[in-house]
Structure formats: structure tokens, C-alpha cells
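As a plain string of letters, each chain reads:
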Amino acid sequence: MRRRHIILAVLAVTVTVSRAWGGQLEDTPTAEELIKAMDANLTAKTQILTSRMVVHGRRSSRTIVSKSWIVGTDKAFTEYLAPPREAGTKMLKVGNQLRTYSPQTDRIIQISGHMLRQSLMGSDLSYQDMMEDQEFLSAYEGVVEGSELLNGRDSWILILTARETGLAYPLRKAWVDKEWLLPMREELYAKSGKLLKSVQVRDVMEVEGRWYPKVWVFKDELKRNSRGTEWIVDEITFDVPIPDSRFTKAALRK
Amino acid sequence: MLTLKLALRNLIGAGTRTWLNVLVTSLSFVLIIFMSGMYRGLIEYAMRIMIATEIGGGEYWHPLYDPEDPLSIDDAHGLLPPGIAAQVAQGRAMPVLVIQGSMYPNGRMMPTLIKGIPPGQQVVDLPTGDLALPRTDRVVPVFIGTGMAQSTRLQLGDRFTLRWMDAEGTYDAVEAEVVTIVDMENFKVDRGQVWIPLARLQQMAAMADEATYAVVSRETDLLLDTGSWLARSVKHLLQDIVQMVQADQAYAKSMYGMLIGLAALGIFNSQVLSIFRRQKEIGTLMALGMTRSRLVGLFTLEGGLHSLLALILAAVYGGPLLYLAASRGIPLPYEGADIGFVMAKRLFPVYSVGLLVGTTALVAGIVTLVSYLPARKIAQLKPTEALRGRVI
Numbered sequence: 001m002r003r004r005h006i007i008l009a010v011l012a013v014t015v016t017v018s019r020a021w022g023g024q025l026e027d028t029p030t031a032e033e034l035i036k037a038m039d040a041n042l043t044a045k046t047q048i049l050t051s052r053m054v055v056h057g058r059r060s061s062r063t064i065v066s067k068s069w070i071v072g073t074d075k076a077f078t079e080y081l082a083p084p085r086e087a088g089t090k091m092l093k094v095g096n097q098l099r100t101y102s103p104q105t106d107r108i109i110q111i112s113g114h115m116l117r118q119s120l121m122g123s124d125l126s127y128q129d130m131m132e133d134q135e136f137l138s139a140y141e142g143v144v145e146g147s148e149l150l151n152g153r154d155s156w157i158l159i160l161t162a163r164e165t166g167l168a169y170p171l172r173k174a175w176v177d178k179e180w181l182l183p184m185r186e187e188l189y190a191k192s193g194k195l196l197k198s199v200q201v202r203d204v205m206e207v208e209g210r211w212y213p214k215v216w217v218f219k220d221e222l223k224r225n226s227r228g229t230e231w232i233v234d235e236i237t238f239d240v241p242i243p244d245s246r247f248t249k250a251a252l253r254k
Numbered sequence: 001m002l003t004l005k006l007a008l009r010n011l012i013g014a015g016t017r018t019w020l021n022v023l024v025t026s027l028s029f030v031l032i033i034f035m036s037g038m039y040r041g042l043i044e045y046a047m048r049i050m051i052a053t054e055i056g057g058g059e060y061w062h063p064l065y066d067p068e069d070p071l072s073i074d075d076a077h078g079l080l081p082p083g084i085a086a087q088v089a090q091g092r093a094m095p096v097l098v099i100q101g102s103m104y105p106n107g108r109m110m111p112t113l114i115k116g117i118p119p120g121q122q123v124v125d126l127p128t129g130d131l132a133l134p135r136t137d138r139v140v141p142v143f144i145g146t147g148m149a150q151s152t153r154l155q156l157g158d159r160f161t162l163r164w165m166d167a168e169g170t171y172d173a174v175e176a177e178v179v180t181i182v183d184m185e186n187f188k189v190d191r192g193q194v195w196i197p198l199a200r201l202q203q204m205a206a207m208a209d210e211a212t213y214a215v216v217s218r219e220t221d222l223l224l225d226t227g228s229w230l231a232r233s234v235k236h237l238l239q240d241i242v243q244m245v246q247a248d249q250a251y252a253k254s255m256y257g258m259l260i261g262l263a264a265l266g267i268f269n270s271q272v273l274s275i276f277r278r279q280k281e282i283g284t285l286m287a288l289g290m291t292r293s294r295l296v297g298l299f300t301l302e303g304g305l306h307s308l309l310a311l312i313l314a315a316v317y318g319g320p321l322l323y324l325a326a327s328r329g330i331p332l333p334y335e336g337a338d339i340g341f342v343m344a345k346r347l348f349p350v351y352s353v354g355l356l357v358g359t360t361a362l363v364a365g366i367v368t369l370v371s372y373l374p375a376r377k378i379a380q381l382k383p384t385e386a387l388r389g390r391v392i
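Residue numbers (our numbering), protein chains in the order written: chain A, 1 to 254; chain P, 1 to 392.
Chain A extracted, bound-state conformation (with noise of 0.2 Å):
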């Protein structure tokens, strides 16, 4: 939380200077710092959550809701809490190993291999998607490629690089507002420089001294006339104490 506020402040301090001496391209902070910022807004030593996945069919769309518990980016346990059906399914991820549990059947199922690039319950998310949460400073490098109006309120530019090959998506742009330091837009590319995904953020709220997103739109672009999914998050607390046992096969179960 500290570390988060001093780099926000850092940040601040940098834009402030920068805009004093009225040069424009002094005014265009690191792609580093921009990373920093954006990691600081969506990461946390832990967060629970509470949110609400709507996934649109072509002729319906059904909600279903989930409270989260995370810890860094390695670990996350997941229950869903509606609709009916899917109600008291449960999925862990510890490390690159997800794990789910469905209670219709009783049984802990691992996804791995191909399974992991399936939908999420019929989403334009994958469980691969699911997995990729770690930060962006240690995983992509960036270049700042200017500014634009999106929405009507000013971004950055932000193009990022993988640092790394083995990283699902090695090439994303997003659009960071200036004043949330979020990515209210991120394009997802392959390796071939195909448009895969779409990220969007629709809303945002200040918790807890800072910004994150309350409703992001996914969308997969390969898809003729995807309406994506909607994930919003209703309610989230940052650096509470989660104990161990969260994380094991055994709460599955529970």
C-alpha cells in the first residue's frame, strides 16, 4: 500500500514538473513509470472481491456471480454463488495449476493442456486468460506512443512488449487514462500481429485511495458479432489477511 502510494506520488510530482517547464514531450512520462502506476491501481498484496460475470448468447445473456480470493498473482480460490446451476463450483489456482470443482459431480477436475484455452463458462474468457495476472512491469516493456482522446478523456498510449517468450498474448496496446492510470483500453495481439482480445473498462471506482476498474467488457475480436462479456466488480477490499488454507484442494470441497 505504501509502495503504491509513493509511486503514485512519484508520478504525480513528474507530470506537475514536467507540465511547469510546458514542453509537451517532457510532459510524457516513462513507459516504466506508466507500468508502475497501472500495476500499483491493479495489484495487491491481497484482494476479495465480489463481482458479477454477463455472459451474452446470441439470443440470452445470463449473470453469474463470484466472490474471489487473491493473493499477489499466484493465488486465487473462486466460488460461484449464482445462478443455480453453477452455484458452489469452485476453482483454484495455485502457481500455473488451475483446479475446479463442480458439485454436481463431486470430483476436482485439473485443466490443463488444451483445456486451458476453452471458454470460461461460455465467456469470451478463457481459463488461459484466467491465469494471466501478473504484473505488468515484470512481464511486458513498454513504449509510450503518444496520447488520444478515448471517451473523451485523455490516454496514454502504452505499447507493450513481452519481455519473454512463453507470455500467451506477446504484444498489447493499451490506452491509460491519465488521471486513473488505468488501461481503459487494452488490445490483445498474437504472435503474428493478429487482433485476438479486447479488454475495455466502462467504469471505475476510487477504493481504498485508488482507482480500479467496476466494469470491464471482453471481447473476443475473432468472433463475428460478439457482444462480449461483461465482468463488474460490485464490491472489493485490498491487503486483508487470507489464511493458507484457502488455497488447498481441500476447501474445494468445503
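It should be emphasised that the hints constitute simulated quantities derived from the structure, not laboratory data.
Careful, some of the hints might be misleading.
[Said to hold, decoys possible] Straight-line distance between alpha carbons at most 30 Å, and here's what the computed DSBU-like set of lysine-lysine pairs gives:
#, chain 1, residue 1, chain 2, residue 2
1, A, 67, A, 45
2, A, 178, A, 219
3, A, 223, A, 67
4, A, 219, A, 67
5, A, 254, A, 90
6, A, 219, P, 115
7, P, 345, P, 115
8, P, 115, A, 191
9, P, 280, P, 382
10, A, 173, A, 223
11, A, 223, P, 188
12, P, 377, P, 5
13, A, 219, A, 45
14, P, 115, A, 194
15, A, 223, P, 115
[Said to hold, decoys possible] Ranges of calculated distance between the beta carbons of each label pair, as one might list FRET restraints:
#, chain 1, residue 1, chain 2, residue 2, range
16, P, 86, A, 88, 52 to 58 Å
17, P, 239, A, 241, 56 to 62 Å
18, A, 113, P, 127, 27 to 33 Å
19, A, 113, P, 209, 20 to 26 Å
20, A, 224, P, 81, 42 to 48 Å
21, A, 113, P, 233, 24 to 30 Å
22, A, 224, P, 206, 26 to 32 Å
23, P, 233, A, 145, 58 to 64 Å
24, A, 152, P, 127, 52 to 58 Å
25, A, 240, P, 155, 55 to 61 Å
26, A, 109, P, 106, 28 to 34 Å
27, A, 195, P, 155, 22 to 28 Å
28, P, 66, A, 165, 26 to 32 Å
29, A, 107, P, 243, 26 to 32 Å
[As the list claims (entries may be wrong)] Partial selection, computed: residues in chain A whose CB lies under 7 Å from chain P:
#, residue
30, 114
31, 165
32, 168
33, 190
34, 191
35, 192
36, 194
37, 223
We put the CB at the ideal spot given by N, CA and C, even for glycine.
Start from chain A and add chain P according to the hints.
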């Protein structure tokens, strides 16, 4: 000769009873031959098509490859061991690389297997010629089967996006174009998969020179030393299909038993009735000097001749029917892929000489046996009692 003449005269003299028995026995003949022919046709077709389009003279598998386990595919790729690589270099085997991916035909996402095959290969009967045609763009040429074309609603020349994750775990995507659509008659090389040039897939997946399995040509023997890779003979690769048919044949055999049982029951019944009714005739023949064993032989022959007449009748009406089925085939009401079996749209029964001779011998043997069993009682008869018609 006298016995044969008597037997024939008595048999034909029995009229409707004889012809009903002959008809039932001939039906058994025709149905047994037809059903056995169907099973044989089913197996022969499946084996022929699988050998031609899929398994050739056998396969070598990467040690982690299990075609029945999709989870194995991600890790099942590697360089060919030297012996297999030499066979590939001589054109006596061809490597195939398999990866999991997704395709977006008409903007819909569908999981698919992406298979890399050497263009223009001669090892199996797959239409890889068009994959070798030079292209000026970066679009990947693809061939698919008619089943896949139907489920994806793709037509010749259609383009779609292929997406996959390479060996390093990075997503990639490219445009692909359907250059060939062929009815491959084998859903195992058709449904849920697209075929692209091997070198292109190796490059796309960052798996240079690697393969998942290799198919050996029909004229080539499998190597004894395959390194860490597994040699799979034709027999091994066909065992599932043979076992499936064999399991179903148990049901067919019980049907054969019922058919033969019906025919045998009719003949047994008429033999018992015949001996009961013809006691005075039996007594007369014995009084005139016919020995008991000859009399038993006469009645057994009468019964046994049912099978001869049945064979002739079966040949008269069953022959053309069986020939018609074998030459024109029988349309099947369902797709083989729906039941996990390589099947043609029309099934052509196969009748072998062994099947014809075996069925004839089986039916004739059983009919003769059931004719003999009641006739044995004649051996215990006294001529005087028989003449009075009181004994049996």
C-alpha cells in the same frame, strides 16, 4: 438307391408339411449367409478404408501420444528417431504433427485439431496435392473432409481464422483457406480436424522438424528399433474395430441359433409325426426284409433331404437377393461417425466360399441330426407290433 428313391417319394408325398419345413430351413440359410456377409462386409470395409486413409502399414507414435486422450496431444511432439527419419527420407513413411487449436468459420469459434502432413505424400490416400501449390500470400492452405465441411459450413475457397498456442505457450493466429474438400470415408481423419502443410505447422507451432506420429506405407515393414517411439502394427491399430464387431457378433450368433433352432424344431416335429403315423408302413417294410438300420437310414435321409431341398430353394430366391445386396449395397440409415465406427454410406455384404460351405454344412448337419434322433426308436420296434401300430 432304393432308399434314396423311397426317401424322396415319401418326402414329396408329405406335401405342404415338407414344403413348410423346407421354406423355414431355406430362410435360415439365406438369413445366416446374409447377416454373416454383412458383418464381413462391415469389417472388410472399415479395415480397407482405415489402412488406405489412416494407418497404412502401421504407425510410430511419440511416447506421450494417445489418440484417445486429447490431453496428451499438447506434449506429444518431438524429433523422429534416426531409423524412422531414414524411412521418412526414403518416402516409405510420413510424419504427422498434431496440435490443438481453434477455428473461426463464419465468425463462430470451434475447437479443432490442426494436423500437419507433407504435401503430395504417397503413403496414405489423402488429397494433399493442393497443399503443395505455391501461394503468394501468407494464407495457410487447408484440406478438410466432407464431414468437417458440413459441421463448419465451409465451402471450397472459404477463408477462416485459425488460432493456436505454440510450443512456448504464446497465442498465434493466421488466415486459412479451404483448398480441398474430399469425402475421405473415414471420420477419424475428417471430423474435428483440418490438414495443413507439415512444414508450415512446424513453423507456426515452433516445433521445427517435430512430429506426433508417423505412418508407414503399406509396402514397408515396421522397424524393430524405434528408439523411444512406439511401433503400432496394423493389427494393433485395427483391434478396436475388430473387437467391436466381434462383440456385436455374439448377438448375431444367438440370432443364427434361433433361426436354425426354428428350422430344426419343424423338422424334428415332422419326423416324430411321420414315424408315429407310418408305423404300419415300418412294420410292413420290416416284414418284407428291410433291416432296422436301413429303416433308420431311410427316415434320417428323409429328414436330411429337407436341407437339400432348402438349399435349392434358397438358391432360387436367396441367390438373386444376396447378389443384389452384394452388388448394389444396402443404404445405411446413420453415419459411422455417430457411432464411432468407420462405415460406408452403403454397406456391401461380402460372401466367401468358406461362409457358403460352412453355413450349408452346419444347417445340413443339424437337420440330419434332428432327423436321426426320432428315427432311432425304429431300431427298438418288433415287426408284429409295428404292423398293429401299437408300439410308439
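Now the hints, each set against the structure:
1. For the hint linking residue 67 of chain A to residue 45 of chain A, the alpha-carbon distance of about 17 Å falls within 30 Å, and the restraint holds.
2. Note on residue 178 of chain A and residue 219 of chain A: the hinted pairing holds, with a Cα-Cα distance of about 24 Å set against a maximum of 30 Å.
3. Taking the CA atoms of residue 223 of chain A and residue 67 of chain A, the gap is near 28 Å; set against the 30 Å cutoff, the hint holds.
4. Pair hint residue 219 of chain A plus residue 67 of chain A holds up; C-alpha atoms about 22 Å apart against a cutoff of 30 Å.
5. Our distance criterion of 30 Å between C-alpha atoms is met by residue 254 of chain A and residue 90 of chain A, whose separation comes to about 10 Å.
6. With a C-alpha separation of about 28 Å, the suggested pairing of residue 219 of chain A with residue 115 of chain P holds against the 30 Å cut-off.
7. Between the alpha carbons of residue 345 of chain P and residue 115 of chain P the distance comes to roughly 26 Å, so the proposed pair stays at or under 30 Å and holds.
8. The straight-line distance between the Cα atoms of residue 115 of chain P and residue 191 of chain A is roughly 20 Å, inside the 30 Å bound, and the hint therefore holds.
9. Restraint check for residue 280 of chain P and residue 382 of chain P: satisfied, since their Cα atoms lie roughly 11 Å apart, inside the 30 Å limit.
10. As the CA atoms of residue 173 of chain A and residue 223 of chain A are separated by approximately 20 Å, the hinted pair is consistent with the 30 Å bound.
11. Of the pairs offered as hints, the one joining residue 223 of chain A and residue 188 of chain P holds, with about 27 Å between alpha carbons and a cut-off of 30 Å not exceeded.
12. A threshold of 30 Å between alpha carbons decides the hint, and for residue 377 of chain P with residue 5 of chain P the separation of about 22 Å falls inside it, so the pair holds.
13. Annotation: proposed proximity of residue 219 of chain A to residue 45 of chain A holds, straight-line Cα distance about 28 Å (limit 30 Å).
14. Restraint check for residue 115 of chain P and residue 194 of chain A: satisfied, since their Cα atoms lie roughly 22 Å apart, inside the 30 Å limit.
15. Restraint check for residue 223 of chain A and residue 115 of chain P: satisfied, since their Cα atoms lie roughly 23 Å apart, inside the 30 Å limit.
16. A C-beta distance of roughly 56 Å is found between residue 86 of chain P and residue 88 of chain A, which places it inside the suggested range of 52 to 58 Å.
17. Our hint of 56 to 62 Å for residue 239 of chain P and residue 241 of chain A holds, since their Cβ atoms are close to 58 Å apart.
18. Taken as a hint, the range 27 to 33 Å holds for the pair residue 113 of chain A and residue 127 of chain P, whose Cβ atoms sit roughly 30 Å apart.
19. In this structure the hint that residue 113 of chain A and residue 209 of chain P lie 20 to 26 Å apart at CB holds, the actual value being about 22 Å.
20. As the Cβ distance of residue 224 of chain A to residue 81 of chain P is approximately 44 Å, the hint placing it in 42 to 48 Å holds.
21. About 28 Å separates the C-beta atoms of residue 113 of chain A and residue 233 of chain P, a value consistent with the hinted range of 24 to 30 Å.
22. Checked against the hint of 26 to 32 Å, the C-beta distance between residue 224 of chain A and residue 206 of chain P comes to roughly 28 Å, which is consistent with it.
23. Roughly 60 Å separates the CB atoms of residue 233 of chain P and residue 145 of chain A, a value that falls within the hinted 58 to 64 Å.
24. For residue 152 of chain A and residue 127 of chain P, the Cβ-Cβ distance of about 55 Å falls inside the hinted range of 52 to 58 Å, so the restraint holds.
25. Taken as a hint, the range 55 to 61 Å holds for the pair residue 240 of chain A and residue 155 of chain P, whose Cβ atoms sit roughly 56 Å apart.
26. The beta-carbon spacing between residue 109 of chain A and residue 106 of chain P, approximately 31 Å, falls within the hinted interval of 28 to 34 Å.
27. The beta-carbon spacing between residue 195 of chain A and residue 155 of chain P, approximately 26 Å, falls within the hinted interval of 22 to 28 Å.
28. Under the hint 26 to 32 Å, the C-beta atoms of residue 66 of chain P and residue 165 of chain A, about 28 Å apart, fit the expected range.
29. Taken as a hint, the range 26 to 32 Å holds for the pair residue 107 of chain A and residue 243 of chain P, whose Cβ atoms sit roughly 29 Å apart.
30. Satisfaction of the interface hint for residue 114 of chain A is found here, the shortest Cβ-Cβ separation to chain P being roughly 4 Å, below the 7 Å cut-off.
31. Given the 7 Å rule on beta carbons, the hint for residue 165 of chain A holds: about 5 Å separates it from the nearest Cβ of chain P.
32. Annotation: residue 168 of chain A was flagged as interfacial toward chain P, and the flag holds, the nearest CB pair being 5 Å apart, inside 7 Å.
33. A least Cβ separation of about 4 Å between residue 190 of chain A and chain P falls short of the 7 Å threshold, and the interface hint therefore holds.
34. At a threshold of 7 Å, the smallest CB-CB gap from residue 191 of chain A to chain P is about 4 Å, leaving the interface hint in force.
35. Because the beta carbon of residue 192 of chain A sits about 5 Å from the nearest beta carbon in chain P, less than 7 Å, this interface hint is met.
36. At about 4 Å, the closest approach between the beta carbon of residue 194 of chain A and any beta carbon in chain P falls short of 7 Å, and the interface hint on this residue holds.
37. Given hint, residue 223 of chain A at the interface with chain P, holds; its Cβ is 6 Å from that chain's nearest Cβ, closer than 7 Å.
Hint violations for this structure: none, all hints satisfied.
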